[in-house]
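Peer 1: Given next are the chains, with one letter for each unit.
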Amino acid sequence: MIAINNVSKWYGDFQVLTDCTTRVAKGEVVVVCGPSGSGKSTLIKCVNALEPFQKGSVVVNGIAVEDTKTNLPRLRAQVGMVFQHFELFPHMTITQNLTVAQMKVLGRGKEEALDKGLKLLDRVGLKSQADKFPGQLSGGQQQRVAIARALAMDPICMLFDEPTSALDPEMINEVLDVMVQLAREGMTMMCVTHEMGFARKVAHRVIFMDQGAIVEDATKDDFFGKPRSERAQSFLAKILQH
Amino acid sequence: MNYHWDWLFFFQEADDGLMYYQWVLSGLGWTVAVSLTSLAIALLLGSAFGVMRTTPNRWLIAIGDTYVDVFRNIPLIVQLFLWFFVLPELVPRDIGLWMKQDLPYFVTAVIGLGLFTGARIAEQVKAGINSLSRGQRFAGLALGFTEWQTYRYVRLPMAYRIVLPALTSEAMNVYKNSAVTYSVGILELYFQYKQIIEKTSQVLEITIVITLAYFVVAFATNRLFAWIEQRSRVPGMIAGGQGGK
Chain A
662 MIAINNVSKW
672 YGDFQVLTDC
682 TTRVAKGEVV
692 VVCGPSGSGK
702 STLIKCVNAL
712 EPFQKGSVVV
722 NGIAVEDTKT
732 NLPRLRAQVG
742 MVFQHFELFP
752 HMTITQNLTV
762 AQMKVLGRGK
772 EEALDKGLKL
782 LDRVGLKSQA
792 DKFPGQLSGG
802 QQQRVAIARA
812 LAMDPICMLF
822 DEPTSALDPE
832 MINEVLDVMV
842 QLAREGMTMM
852 CVTHEMGFAR
862 KVAHRVIFMD
872 QGAIVEDATK
882 DDFFGKPRSE
892 RAQSFLAKIL
902 QH
Chain B
19 MNYHWDWLFF
29 FQEADDGLMY
39 YQWVLSGLGW
49 TVAVSLTSLA
59 IALLLGSAFG
69 VMRTTPNRWL
79 IAIGDTYVDV
89 FRNIPLIVQL
99 FLWFFVLPEL
109 VPRDIGLWMK
119 QDLPYFVTAV
129 IGLGLFTGAR
139 IAEQVKAGIN
149 SLSRGQRFAG
159 LALGFTEWQT
169 YRYVRLPMAY
179 RIVLPALTSE
189 AMNVYKNSAV
199 TYSVGILELY
209 FQYKQIIEKT
219 SQVLEITIVI
229 TLAYFVVAFA
239 TNRLFAWIEQ
249 RSRVPGMIAG
259 GQGGK
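Those sequence lines, one after another, are chains A and B.
Quick note on the working numbering: the first sequence kicks off at 662 and runs consecutively.
Quick note on the working numbering: the second sequence kicks off at 19 and runs consecutively.
One should not assume that every hint holds.
Straight-line alpha carbon distances no greater than 20 Å define the calculated DMTMM-like cross-link-like pairs of lysine to aspartate or glutamate that follow [stated by the list, open to error]:
1. K788/A / E773/A
2. K765/A / E165/B
3. K899/A / D871/A
4. K788/A / E835/A
5. K780/A / E835/A
6. K730/A / E216/B
Derived by calculation from the structure, the hints in this document are not laboratory data.
Owing to the predicted nature of the structure, the values given are computational and were not obtained by experimental measurement.
Working from the sequences, and respecting the hints, build out all of it.
Peer 2: Structure (structure tokens):
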């Protein structure tokens, strides 16, 4: 589904990604973790070309994103993305947030879009908030709406970029619950997150990044059982202690 | 002081058969017409150039920057003289002649004032767009929007809300700046003001009336924009005045 081949990226002279290679198969849930500044978010944004890269290739569902002939809007519409800071559109109601791209990008009619949007809103447990504005919702609620907004496009896979990092501790679980449910339904997911409990529960593989490179790319059991690199061991020791 | 007050002179007939108060009203009409047309032009140009300056395209940025630099750094009155007296000499002779003889003053004046004001609005629109988080653009793109659609549906609606107070000042400035167009022959309020003083010497009365007239149109604009601001306020947002609820 997603194939990342030898991707390197520079900001000027500074190399942020070094030769990253991995793949995510259909139905697979891959968690990407690592210390801050390790390039996790940059890597996941390369998948739908929000971040350009200078070397290597990313192929999503058979389409190379770096190819200048690729219709990026069409490709991105198939790849759902959830951001650290939710990024709901503040001037639109929740309903409008859920329907605008369905109508303007996929060309769905208003009724169909509304139907789909409200169904998904119900699924994330927020049907009663349909007519509110994002600013009137809590962070956890906003993130659940953001997930519903991405799902409304019927994506073939989902990217999560630290979806719980900006949340108060008591709201993290309501978002993780939605993600776990999604994973169990067989959605292909690539998640940048530090939530190791989530990784343990639903991940198939865990990727560990440090200084722009993929240091470890292992099955969940291998990663938590016996991480090979020292860097990953010390990282895990630090975040699993508490 | 020995000033002879005479408020009734407004109802005396001037030498063109109209009464002086009608001169004031006609001037006010032109002032409003010049101002609103210029403002419309300025909003269009300012939005277009402001957006250009926030795109990832180096050439569009350069064009937008040049426009703003040129039109913000030359005094309005000089700009109007350039359009009226210099430009017709620089273009091919026939076009120059047409500009001097057939092109209505009004058109040249509103283009001049529109370009001047547009440069200022471009600066504000750019600032408004840049004040939004990068993530908003990313979120739009990730949903499959084109770059232009992220402006249309995501970034501009918020950017305009943010710069509305600055746009209010700009809209009020247009009325005041429109007085400069008297220098290129627009028979607007300030022109009539000079004219009436020359004919009647009732300086104080006419000054008071003209002052009030400018105040009323500018203040009405201010109230109109305040109403728009009220209407477009986003529930739950702190930004943009007394939000928060």
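Peer 1: Hint by hint, say whether it matches the structure.
Peer 2: Cross-check of the supplied hints:
For the given pair, K788/A sits about 17 Å from E773/A by alpha-carbon distance, which is consistent with the 20 Å threshold. At most 20 Å may separate the alpha-carbon atoms for a hinted pair to count; K765/A and E165/B meet this at roughly 13 Å. This hinted pair checks out: K899/A and D871/A have alpha carbons roughly 15 Å apart, not beyond 20 Å. A hinted pair counts as satisfied when its Cα atoms are at most 20 Å apart, and K788/A with E835/A qualifies at roughly 15 Å.
The suggested pairing of K780/A with E835/A holds, with an alpha-carbon distance near 18 Å, which does not exceed 20 Å. This hinted pair does not check out: K730/A and E216/B have alpha carbons roughly 70 Å apart, beyond 20 Å.
The earlier numbered hint that this structure contradicts is number 6, and it is the only one.
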